[in-house]
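There are 2 protein chains.
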Amino acid sequence: MSEETREDIGAYVRRVALASREASRGLRAASGAQRNRALVEAARLLHERRAAIKAANAVDYGAAERGGLAAAMLDRLLLTDARIDDMVRGVREISAMEDPVGAVEGVRRPDGFLLEKVRVPIGVVAIIYESRPNVTADAACLCLKSGNACILRSGKEAMESGKAITAAITEAVALAGLPAASVQYIERTEHQGVTELVRQSGIVDLVVPRGGEALIRRVVEDATVPVIKHFKGVCHLYVDRAADLAMALEVVENSKMQKVGVCNTLESLLVHADVAAGFLPRIASRLERVELRGCERTRRFVPRAKAATEEDYAREYLDYILSVKVVDSLEEAASRIERYGSQHTDGIITQDSRAAEAFVAAVDSAVVTVNASTRLADGGVFGLGAEIGISTDKLHARGPMGVRELTSYKWVVRGDGTLRR
Amino acid sequence: MSEETREDIGAYVRRVALASREASRGLRAASGAQRNRALVEAARLLHERRAAIKAANAVDYGAAERGGLAAAMLDRLLLTDARIDDMVRGVREISAMEDPVGAVEGVRRPDGFLLEKVRVPIGVVAIIYESRPNVTADAACLCLKSGNACILRSGKEAMESGKAITAAITEAVALAGLPAASVQYIERTEHQGVTELVRQSGIVDLVVPRGGEALIRRVVEDATVPVIKHFKGVCHLYVDRAADLAMALEVVENSKMQKVGVCNTLESLLVHADVAAGFLPRIASRLERVELRGCERTRRFVPRAKAATEEDYAREYLDYILSVKVVDSLEEAASRIERYGSQHTDGIITQDSRAAEAFVAAVDSAVVTVNASTRLADGGVFGLGAEIGISTDKLHARGPMGVRELTSYKWVVRGDGTLRR
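Here the protein sequences line up with chains B and R, keeping their order. First residue of the first sequence: 163, per the working numbering; consecutive thereafter. First residue of the second sequence: 163, per the working numbering; consecutive thereafter.
Everything labelled a hint here was simulated from the structure, so no lab data went into it. Computed from a prediction, not measured in an experiment: that's the story for all the values here. The reader is advised that the hints may include incorrect statements.
Straight-line Cα separation of at most 25 Å, BS3-like style, residue types lysine-lysine; simulated pairs [to be verified]: (1) K318/R - K394/R; (2) K279/R - K572/R; (3) K216/B - K394/B; (4) K279/B - K394/B; (5) K279/R - K391/B; (6) K318/B - K391/B; (7) K318/R - K279/B; (8) K279/R - K394/B; (9) K421/B - K572/R; (10) K216/B - K279/B; (11) K468/R - K394/R; (12) K279/R - K216/R; (13) K421/B - K394/B; (14) K572/B - K325/R; (15) K468/B - K279/B; (16) K572/R - K391/R; (17) K468/R - K572/B; (18) K279/B - K394/R; (19) K318/R - K468/R; (20) K572/R - K572/B; (21) K572/R - K394/B; (22) K421/B - K468/B; (23) K394/B - K468/B; (24) K391/B - K421/B; (25) K468/R - K279/B; (26) K572/B - K391/B; (27) K391/R - K216/R; (28) K279/R - K318/R; (29) K421/R - K391/B; (30) K279/B - K216/R; (31) K391/B - K468/R; (32) K391/R - K572/B; (33) K394/R - K421/R; (34) K572/B - K421/R; (35) K421/R - K391/R.
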């Protein structure tokens, strides 16, 4: 890249960021009704512009196919009518959610004044993602709902789809009388654009990377703006010695099979030695489509299991593969989860309430489950509404991150000439 | 610095960080009573070890004096009996606070399971500060209270004082049966130590820099661990056309004079043109000790005011200096606050409730005051207990940051074989 191009991209990204900053003032002043109007119009326009969006997606898809993109990636990129219906339904659901902005969360009456803690938008949010075109609509609409200006930057393979979807949303924004720059889409595809974007401290308030580990690590490395990470989910279930094995069969099967390519799917199974003989052959026949990679004891009970390596236990397969380990205690299970897990979602299956409580206390994951499928770890299932992702960070937002987590708060002091003594 | 030294420091910091990580497990498992016992013992030992702490401080002070440290910095460094009393009282107050850990903050009952949101410690917190020795006790005890292991790194001029204070606290930690590495103090003074510390992603969970802008910017630039910034406070008061001028005199005087060297002190005064003639001469005579730097209109009413430069309006003086500007509207005041302020604490003085609400909505600062002193922006005054600082960030914690803001949460799903359909 020439020096000139690099400067061009820097200047372009800064211009976009400053326009977002300016728009965020207008969004902060807008009412919830006005923001909702933009969302209702966005749902309508995305529905009406279906043909144009599919045509743009066909351009992306064709180029990606010719470029030899892997089948799983091509599938992520594809927009079908059903997926556009889902996208439109998602936007309608966001518009129907409660307004997260303006709520007075706490009132105190210290000496001589009234103190309120009030929810406010964060300001300018940058979302950096890869090839799923529906993220464009989801992320833009979650930001609009929460009063944030957003800057979207997708992978280059989804660029035409992203532009077509953003065009519908920015038209909706204009119809609602909101600032034009409320939703902006960065078209330049060089990685330099991301680097510049995540260094706009004081202009951009938050970066949310959504994608593979490599993308997230690069963003964290470069960023001076705060980042909320949505890392991988290496989710575990531990089948305790006091487990109801019939229940364990159902929960393990559901956790692994209900949807295999997502971050809350089961990747590693831990089984107490006392129940290994009774449980492992049965779960192996339930999961006949799944390749099992196990420890020596596992392979004694399940001859078809391959030998697991150390790396296997830390992997997010997102596939019909499961690592399996026989453990001698709950403590061993918890310490393996700490070592190999990703602090996303980890659970125990047991009828022993003391074991359950010990597990909940020992395992420091965003979501800890007891006698429940890991697949329940989801903002929608939790009743929190649409989510922008599942945070594996501990700061600000942990686990499902929805519109409330896209807000901050401010303190309002109301006095009558109140002084500090 | 030789390559060898650099590697030494890297290895040393990593060893410290890993020991903290391990200690954080023990702290997570400890009860609130056990953590409080450590705090009670710490208060006792800090009181008893007063002579040793003062002797260590004398070493620091002597070296700093010989090294030509500025008077204001020397004063920050000095530990008097009164300041040690304050430190001990602070630790006792922290021990008396409500336990922020373990509270179930929200319970939902989605289909088929019980969902709890539970407060948990963040894990490992690094605090990087400068020369005030009392920060060592404050920060360590706030972290103990909230169940976090902490790594303390002060400026080299306060190193002996910091070691003496830490020695008392780690003895208290041992008496309470908590892990020895719950509180650690980094002794190496090279800046390389800070750089290594703020890059321990996955081991250190949070970095809180406390100090001047240069320190904070360097930490933000280097860090891969999340940082909560406590930047400067360029606090404003706007005297509206509808202000009660007698109240305005009191509030402005208190905001500027009650304590001059702190982040919530008043640094810039904005006065509506309609009341400038009536207000400016009176406030100028009230603030006779204060150097005023004003705009042309200000200087018409206050001949002793010097001409303010652009930079004057953005400065955090922490001194008997105040910038003054006459404005023509509330909107102009709000836009100046956005441009020159630091989103810390900014207020309006008015009897017009519409003007007050417009100001509260327009000004995006951590604390917004109406008819009240900026000096009220304080965790203690707010009734939130001792604070580790006042965050000018918008993520996680905004404004006064106390023990609750040193916690995170986890989601606990309690099912009875609950699956995702």
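Hint by hint, here is what the structure shows:
1. K318/R - K394/R: holds, 22 Å
2. K279/R - K572/R: holds, 6 Å
3. K216/B - K394/B: Violated, at roughly 30 Å.
4. K279/B - K394/B: violated, 34 Å
5. K279/R - K391/B: Satisfied, since the Cα-Cα distance of roughly 20 Å is no more than 25 Å.
6. K318/B - K391/B: Distance of about 21 Å is within 25 Å: holds.
7. K318/R - K279/B: violated, 38 Å
8. K279/R - K394/B: holds, 22 Å
9. K421/B - K572/R: holds, 24 Å
10. K216/B - K279/B: The given pair, whose Cα atoms are some 45 Å apart, is violated under the 25 Å limit.
11. K468/R - K394/R: holds, 24 Å
12. K279/R - K216/R: Not OK: K279/R and K216/R at ~45 Å, beyond 25 Å, violated.
13. K421/B - K394/B: This hinted pair holds, its Cα atoms lying about 15 Å apart.
14. K572/B - K325/R: Outside the cut-off at roughly 37 Å; violated.
15. K468/B - K279/B: Roughly 56 Å between the alpha carbons, so the hint for K468/B and K279/B is violated.
16. K572/R - K391/R: holds, 24 Å
17. K468/R - K572/B: violated, 34 Å
18. K279/B - K394/R: It holds: about 22 Å lies between the C-alpha atoms, which stays within 25 Å.
19. K318/R - K468/R: The given pair, whose Cα atoms are some 38 Å apart, is violated under the 25 Å limit.
20. K572/R - K572/B: holds, 24 Å
21. K572/R - K394/B: Since the Cα atoms of K572/R and K394/B sit roughly 17 Å apart, the hinted pair holds (cutoff 25 Å).
22. K421/B - K468/B: holds, 23 Å
23. K394/B - K468/B: Roughly 24 Å between the alpha carbons, so the hint for K394/B and K468/B holds.
24. K391/B - K421/B: Answer holds: K391/B to K421/B is near 22 Å, not above 25 Å.
25. K468/R - K279/B: violated, 39 Å
26. K572/B - K391/B: Holds. K572/B to K391/B sits at ~24 Å (cutoff 25 Å).
27. K391/R - K216/R: violated, 31 Å
28. K279/R - K318/R: violated, 41 Å
29. K421/R - K391/B: violated, 40 Å
30. K279/B - K216/R: Status violated; Cα separation ~41 Å.
31. K391/B - K468/R: violated, 49 Å
32. K391/R - K572/B: holds, 16 Å
33. K394/R - K421/R: holds, 15 Å
34. K572/B - K421/R: The given pair, whose Cα atoms are some 24 Å apart, holds under the 25 Å limit.
35. K421/R - K391/R: holds, 22 Å
This entry does not satisfy hints 3, 4, 7, 10, 12, 14, 15, 17, 19, 25, 27, 28, 29, 30, 31, going by the numbered hints stated previously.
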